[in-house]
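Below are the chains, spelled out letter by letter.
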Amino acid sequence: MATAADVLSGSDDREVRGSSDKVRLTLKIRRFNPEVSDDSWWDEFVVEADPLERLVEVLHEIKWHQDGTLSFRRSCAHGICGSDAMMINGRNALACKVLVADVGTKVTIEPIRGLAVLKDLIVDMDPFLDGFKSVLPYLVNEGGEPDKERFQSPEERARYDDTTKCILCAACTTSCPVFWGDEGYVGPAAIVNAHRFIFDSRDEAGATRMKILSEKTGVFRCRTTFNCTDACPRGIQVTQAVQEVKRAILFERF
Amino acid sequence: MVTTHTYDALVIGGGGAGMRAAIESSEHCTTAVISKLYPTRSHTGAAQGGVCAALANVEEDSPEWHAFDTVKGGDYLVDQPAAQLMTEEAIEAIIELEHYGLPFNRTPDGKIDQRRFGGHTANHGERPVKRACYAADRTGHMILQTLYQQCVKRDVRFFNEFYCLDLLLDDAGGTAGIVAYELATGEIHVFRSKAVLFATGGYGRMFRVTSNAHALTGDGPAIVFRRGLPLEDMEMFQFHPTGLARLGVLLSEAARGEGGIVLNKDGERFMERYAPTIKDLAPRDMVSRAIYQEIQEGRGGGPNGDWAYLDISHLDPKVIEEKLPDITEFARIYLKVEPTKEPVPIQPTAHYAMGGIPTDIDGRVVVGPDETPVPGLYAAGECACVSVHGANRLGTNSLLDIVVFGRRGGAHMARFAKGADLPDLPSEPAAQTLGLLDSILTRDSGDNGADIRKELQDNMFDLAFVVRSEEGLSKMQEILGNLRERHDRVAITDKGSVYNTDLMEAVELGFLLDCAEALVVSARARTESRGAHFRDDHPLRDDANWLKHTLAYRNDDGSIRLDFKPVKMGPYVPMERKY
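Residue numbers (the numbering used here), protein chains in the order written: chain G, 1423 to 1676; chain B, 5 to 583.
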């Protein structure tokens, strides 16, 4: 087996370790500003960028040196705060988890769909968060709290691990064709967060959540297109979680 | 148009400290959270490795050992009674998080699992101890989500994407409210209140390489500083040794807690030479300095010879997958490196502000060496300085800080507000804020804020980072003077009212410059090396002269004056810091 030193010396020519040539990136961005026009329009920008640069930093380069009015949300810039979900070349992603090298020399950026656009890439998150709040997204346990922690086996903990990863970025919900067509549908993110509690052995409100999700705005609106799973920047098996909630409602297995 | 709101208490910032405070306060008095981000976007969510408490679920432990480690880790600049209190209340705080639903990893018998972390030891430094409670490598994410869930449950009132830009004091110097800018509309809001708790987080964005979010611009500290209140120990800024090379994205210390090691370009595990007992689990300041020394002696890797490597490739793939999934993904996505097979290039990254708004153990903001409280004013979390972290914070203690002191601050604030009358607002409360915004909005041409920010970040990285000197710091102070002048002429292109992030970035840059100036002036004065503050022209700790906290004040003429206050000592007598 190679030692760490071998690996280090053998990989000195890797792209990450040398400064690779910049690429010329053309960005087509859908713009909207209610103070300028009732209609959206397209703007094109050209940026010289390092292939390993994050797309959110390319957007910063435009904002800081080409057009200060370009507006988007961002904060952590490494995929954990969930601010910068947008549609990049037709697919929902976080702009901080897509590198220039991942998109080629041309990229089209639009706001995520199904939520009202407020300005450029900024959408109204409140309907999305209302969906989240509608599924009682908190632990319910009226059984009296012990002095110490409630016990939970590693297996019980593993049962809902995947759905604890959600960062509420809305990439899944706004990739869902059912959500686009039906504002009432709570959408996959809300179901993911319901799943996180329904399958938590400490929780007691699973039946209530499943009743909420069995209504017409709930889980049976899902048509299993898997867009949500593709879109999730956290790698959550969203469609599987939705299916598990459906099955739990049908067979009360939770 | 200015809209006025009235609440008993306000919390500024929707991260872990702010939400924990709001949960407490909103049970007792009308409370609003003013947050420039949606709460779940806060940087608490980026914390990875764990939160320490001496639960002794896995091996023998005690709060007293935890307190000792915290004091020693902080190079004895820690106020010892505060550290004792925090480590004792840690157990209750973790149990509370579990009751709130936080999905901690579990031991085989169903208890909260614990793992090793840097500087946390058994029996006063004998050996590493398993003290960090964790949820994979997304512990901060789970704390943030769990606290947000509890806020939803309690229907806590949030004003999201509202930027707090000013603190209002009444004629007697007591808290009267704040002024905020609504990002969606450009409207100014005056919030009148009996009490205000700042929980705005850190200011790592003044450095080029940082683990901090773009939003971390020191708004809270800068606002109180501008109101003539002091900032404490601003020179104490932590540089985390394992930032992803170039980017500074954090790779958790949990990687080393699980058995990862740090290598130089020759593949040598050099920490064996610097900290023979606990090696790679030495505190962050020591590991960052060791990396610097390796680099200086020609053993750094990468194109500029300024990288080290974090190696977890020898760990069981199951451990990596279950306990370190996020940081593994960061290396794959951002550096195209496969951590299960090869070492990951790293460099020290600006991570955490130990200094900030001085408070007592109830979160009350206190002024001067005699610690006079400002009526109704509170701070908690990274923007505050209690001080439990001293000159160097131990890993996991920031998450502990926010839940322990967020709760204490929120509880005290609510008690205060219930017993206080609503103060009068000053006349024209929004005048200063309106003036600031108008001056930027009406300027047709001037300096580019992004260029000023880049110069700030590049120079702070070169001159005020892991290794400092009088020469570098005096140069930095001069540069800051120049940058401040240029910032007075900053011009933006977006003149609109709707989501004008261009305008807010210009304002945030002013906050950053204030914090940077306080940091540099404080660092210049401290002619010793202690914890994260290392001066190569004064390489030794000097307890005779510098076992004291720095207080920086903004004078009316714009200059900064320093004052000092003693460290609150306790059972632990300063000794040489060896590991």
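Hints are not guaranteed to be accurate.
[To be verified] Pair ranges (Cβ atoms, derived):
| hint | chain 1 | residue 1 | chain 2 | residue 2 | range |
| --- | --- | --- | --- | --- | --- |
| 1 | G | 1464 | B | 455 | 27 to 35 angstroms |
| 2 | B | 10 | G | 1528 | 23 to 31 angstroms |
| 3 | B | 131 | G | 1566 | 34 to 42 angstroms |
| 4 | G | 1443 | B | 31 | 36 to 44 angstroms |
| 5 | G | 1460 | B | 375 | 52 to 60 angstroms |
| 6 | B | 422 | G | 1461 | 47 to 55 angstroms |
| 7 | G | 1524 | B | 191 | 48 to 56 angstroms |
Since the hints were made in silico from the structure, they are not lab data.
By construction, the Cβ of each residue, glycine as well, lies at the ideal position given by its N, Cα and C atoms.
Under the constraints set out in the numbered hints, which ones does this structure not fulfil? 2, 4, 7
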